[in-house]
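S.K.: Below are the chains, spelled out letter by letter.
Number of protein chains: 2
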Amino acid sequence: MPNNFLKIFFQYVAPEDAVERILGSSDICPRIEVIDSLESLGRVIAEDIPSPFSIPKEDVSHFDGYAVKSSDTVNASTVNPVKLKIAGRIESIIEHDLSIGDKEAVYVVTGVKIPRNADAVIPVERTRLIGDYIEILEPCKKGDNITFKGADIAEGDIILKKGSIIRPQDIKYLLEIRKFKIKVYAKPRISLIAVGDELTENLDELTHKKLETSTKLVANYIKELGGIPKIMGVVPDDPEHIIKAVKNSLEDSDICVTIGGISLGVRDLCWRTLSKHPESIPIARGLRIQPGRATSIVVFSKKPVVMLPGHVQSTICGTIYILIPLIYYMSGLSARKILPTIPAEIGEDIVVKEYKSFKRIRFVKLVKQKEKFIANLLMGDSSMLSPILKSDGFIEIPEGVERIEKGSHVDVHILSWSQLLQTFLKES
Amino acid sequence: MPNNFLKIFFQYVAPEDAVERILGSSDICPRIEVIDSLESLGRVIAEDIPSPFSIPKEDVSHFDGYAVKSSDTVNASTVNPVKLKIAGRIESIIEHDLSIGDKEAVYVVTGVKIPRNADAVIPVERTRLIGDYIEILEPCKKGDNITFKGADIAEGDIILKKGSIIRPQDIKYLLEIRKFKIKVYAKPRISLIAVGDELTENLDELTHKKLETSTKLVANYIKELGGIPKIMGVVPDDPEHIIKAVKNSLEDSDICVTIGGISLGVRDLCWRTLSKHPESIPIARGLRIQPGRATSIVVFSKKPVVMLPGHVQSTICGTIYILIPLIYYMSGLSARKILPTIPAEIGEDIVVKEYKSFKRIRFVKLVKQKEKFIANLLMGDSSMLSPILKSDGFIEIPEGVERIEKGSHVDVHILSWSQLLQTFLKES
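Chains A and B supply the protein sequences, listed in that same order. Our numbering puts the first residue of the first sequence at 1179, with every later residue one more than the last. Our numbering puts the first residue of the second sequence at 1179, with every later residue one more than the last.
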């Protein structure tokens, strides 16, 4: 439970409510752009895409082989092979009007239209070639090795819908249906400002300053989640500098993120400065998440400014609960989602009494045990990086919950593809 | 079960054995390169990285606040505040040699060294400033809000190990320990050749040819899994052209992939041509996977040439079981792994009698049901794209298994991050 001192300064808002307020008070919205389908991996489709034709377009052969009448093969056996005359060869994907008669076969390659009257294809390796004839050693059934018109995809089917994320197989499909350009949602542009007199990007200043690294952390999460980060550097704890940097960064960004200077120290000027500015609509002074509870938000000139705390775990939690939904929203996805999860069992009893009305986030390490994952808590205060370095993901302890018993189900949230691969590939 | 015809032509090899044979017969091996840590997201570390110092380097304040002797605050209460004299201020991360005496406090910002004799920090918002004094309204405990030297990471700790995949948090850590350059494994370069008279990349030829799309499919999987694909175009079903294209592509690639022309039709010349070439060591004519059983491999001039079948599901399965382990191996990871999995329950009884000594791969759709995923099979022959377009991943039916009962545990393999996000974000 936050103590009374904190309550005076913070009005903690549920992160979902903060996201809703941002969407209601700002101008941000998904933007559409047209790109080459070939370059669309990972993008989100902004249109429903009906198949312009059936796939396959007609009944086609599944193999290189002989198109036959299945009825001709009924009595075929090794002892008593059936002999069929080769009445033609279709060796490439051409329009044709061939048909077969009784006891005839036509050679077809994979993907060509089945000749009229044929109702099965026998793969070439199951036939014996004797001059102009083939011998068939076993009966085939009607429809064998034929892929019928539209069996894969019917004309007009909408397999790719607005809001789908484009995967490798989707790109193949787009090319197959000759959809070479596609409407997708533009990637949100997010600028990142580090705030703090104590920070520097200059290696010569490291004797008396700390190297600024938090914007790089958040930038890489943004990249993996489909945004375009832009690192704007360090600004000092000074109201004028802060306002100038935010204004400047919003000129070509959809969202501005500041990191640091958001708590209650004398130098923590971000909220005080930005929330009182005439162009600003205050959205949240503090969030009901822990770590990350100092995360604060204003809408400034109609664009969101997300102020993240500087302690690393707090920075990450603010990113997860505010930035990710905003990135998703601008990408044409649901702003109510955060990250993919893996089901697991909690490895030990957890008792978390503090901040009971908050979502409490805890980083965990996964251990595979037979068919399931066990999630073990990694301890360390919010300034510590090692729990995150050692973690495979995090769990949420929901509002109101004080205790999670060993063996309970938990959803472990995965922050990135690099994380997921790491988790799976390290298992021995 | 493969019929006798197929057994004459194919000598099916278990995919794991094929991978071992490739590694034993070729020159491929992980290559190391040095890159900027800032550019290392998703790369695999090629060195153990011990922390060059403790983090934090000394006992530091977790908040902006006042460093105090906790013993001075024992009797503090709202009714009876303890008054401490402000003996100094440390407002930036500087070296200092301050100490405090009894009933004294020193203002410290987050991250600065705790003055000598102080043993706790009281956050500024929990104090009341009165001239040169502060009032404390509740007792604090020894160690409160101090992060002790090395509490996060001890000097010499190897948090980042050889073989780890670099995630956003790892980049932050590398910068924190001033490791700005890092040894990583080079990305494997993989060239892709489509083989087939019926294929074209030229849109003007689509009246009598099929648009080549398979190399783009595999290229995007390679990209998501950390390789560098290079699409070399289409070659006709002609031995000389095939040899020339393979030689040419291997000049600046580690692995060559051909797609198509690998079955048993008259135009299927890849195996026949490449396996008999004097520079070639045959590795596998066929794999014990279905779809994908025609996948064949030679080592040519000491480099692997992976010949994938052209039917889309077969292409993907060959990619998963041969290409991915090779990409992992060259990336410094385990060649015994394929893809991350999500645990699920199978949604229906599955009976698969054919190809019983093979690994059978089936594409599935996931449905979330309370805390677990149900995996439902998507049907369609190996030439069909729609099962893959509709799928969230695939399951393996292991060698020898004929039947999986409804409700059994299955591991659902996830092919890409775009796939995983798609799976999670589409849930309502």
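Read the hints as simulated data drawn from the structure, not as lab findings. Just so you know, even glycine gets a beta-carbon here, dropped at the ideal spot from N, CA and C. Be aware that one or more of the hints could be misleading.
Listed below are the simulated BS3-like cross-link pairs for lysine-lysine, each with C-alpha atoms no more than 25 Å apart in a straight line [stated by the list, open to error]:
(1) B:Lys1320 x A:Lys1568
(2) B:Lys1550 x A:Lys1543
(3) B:Lys1546 x A:Lys1515
(4) A:Lys1340 x B:Lys1408
(5) B:Lys1357 x A:Lys1408
(6) A:Lys1548 x A:Lys1604
(7) A:Lys1235 x B:Lys1320
(8) B:Lys1388 x A:Lys1359
(9) A:Lys1543 x B:Lys1339
(10) B:Lys1247 x B:Lys1359
(11) A:Lys1361 x A:Lys1543
(12) B:Lys1235 x A:Lys1401
(13) B:Lys1357 x A:Lys1515
(14) B:Lys1235 x A:Lys1584
(15) B:Lys1339 x A:Lys1568
(16) A:Lys1481 x A:Lys1422
(17) B:Lys1327 x A:Lys1401
(18) B:Lys1546 x A:Lys1548
(19) A:Lys1327 x B:Lys1235
(20) B:Lys1550 x A:Lys1515
(21) B:Lys1568 x A:Lys1340
(22) A:Lys1387 x B:Lys1235
Beyond 10 Å from chain B on every Cβ pair, some chain A residues (computed) [unchecked claim]:
(23) Pro1301
(24) Lys1359
(25) His1455
(26) Lys1481
(27) Thr1519
(28) His1587
Partner residues are not named here, just some residues of chain A that face chain B (Cβ under 8 Å, in silico) [stated by the list, open to error]:
(29) Gln1189
(30) Phe1231
(31) Gln1347
(32) Lys1388
(33) Thr1391
(34) Glu1402
(35) Leu1442
S.K.: Run every hint past the structure and note whether it holds.
M.R.: Hint by hint, here is what the structure shows:
1. B:Lys1320 x A:Lys1568: Violated, at roughly 28 Å.
2. B:Lys1550 x A:Lys1543: This hinted pair holds, its Cα atoms lying about 20 Å apart.
3. B:Lys1546 x A:Lys1515: Roughly 15 Å between the alpha carbons, so the hint for Lys1546 of chain B and Lys1515 of chain A holds.
4. A:Lys1340 x B:Lys1408: violated, 30 Å
5. B:Lys1357 x A:Lys1408: Holds, because 22 Å separates the two Cα atoms, which is no more than 25 Å.
6. A:Lys1548 x A:Lys1604: holds, 16 Å
7. A:Lys1235 x B:Lys1320: violated, 78 Å
8. B:Lys1388 x A:Lys1359: Answer holds: Lys1388 of chain B to Lys1359 of chain A is near 19 Å, not above 25 Å.
9. A:Lys1543 x B:Lys1339: Given that 25 Å is the threshold and the Cα spacing comes to 16 Å, the pair holds.
10. B:Lys1247 x B:Lys1359: Distance of about 43 Å is beyond 25 Å: violated.
11. A:Lys1361 x A:Lys1543: violated, 39 Å
12. B:Lys1235 x A:Lys1401: violated, 31 Å
13. B:Lys1357 x A:Lys1515: Violated, at roughly 35 Å.
14. B:Lys1235 x A:Lys1584: Distance ~36 Å between Lys1235 of chain B and Lys1584 of chain A Cα, so the pair is violated.
15. B:Lys1339 x A:Lys1568: OK: Lys1339 of chain B and Lys1568 of chain A at ~11 Å, within 25 Å.
16. A:Lys1481 x A:Lys1422: The hint holds at about 15 Å.
17. B:Lys1327 x A:Lys1401: Answer violated: Lys1327 of chain B to Lys1401 of chain A is near 33 Å, above 25 Å.
18. B:Lys1546 x A:Lys1548: Judged against 25 Å, a Cα distance of about 21 Å means the pair holds.
19. A:Lys1327 x B:Lys1235: violated, 70 Å
20. B:Lys1550 x A:Lys1515: holds, 18 Å
21. B:Lys1568 x A:Lys1340: holds, 14 Å
22. A:Lys1387 x B:Lys1235: Holds - the C-alpha atoms of Lys1235 of chain B and Lys1387 of chain A are around 14 Å apart, at most 25 Å.
23. Pro1301: violated, 7 Å
24. Lys1359: Answer for Lys1359 of chain A: holds, closest chain B Cβ roughly 13 Å.
25. His1455: holds, 23 Å
26. Lys1481: holds, 24 Å
27. Thr1519: The assertion about Thr1519 of chain A is violated, with a minimum of 7 Å to chain B.
28. His1587: Its Cβ does come within 10 Å of chain B, the nearest being 5 Å, so this is violated.
29. Gln1189: With Cβ-Cβ at 14 Å, over 8 Å, it is violated.
30. Phe1231: violated, 12 Å
31. Gln1347: Hint on Gln1347 of chain A: holds, closest Cβ of chain B at ~5 Å, below 8 Å.
32. Lys1388: For Lys1388 of chain A, the interface hint holds, since the closest Cβ of chain B sits about 5 Å away, which is under 8 Å.
33. Thr1391: holds, 4 Å
34. Glu1402: holds, 7 Å
35. Leu1442: Constraint on Leu1442 of chain A satisfied, holds at 4 Å.
Against the hints set out earlier in the document, violations occur for numbers 1, 4, 7, 10, 11, 12, 13, 14, 17, 19, 23, 27, 28, 29 and 30.
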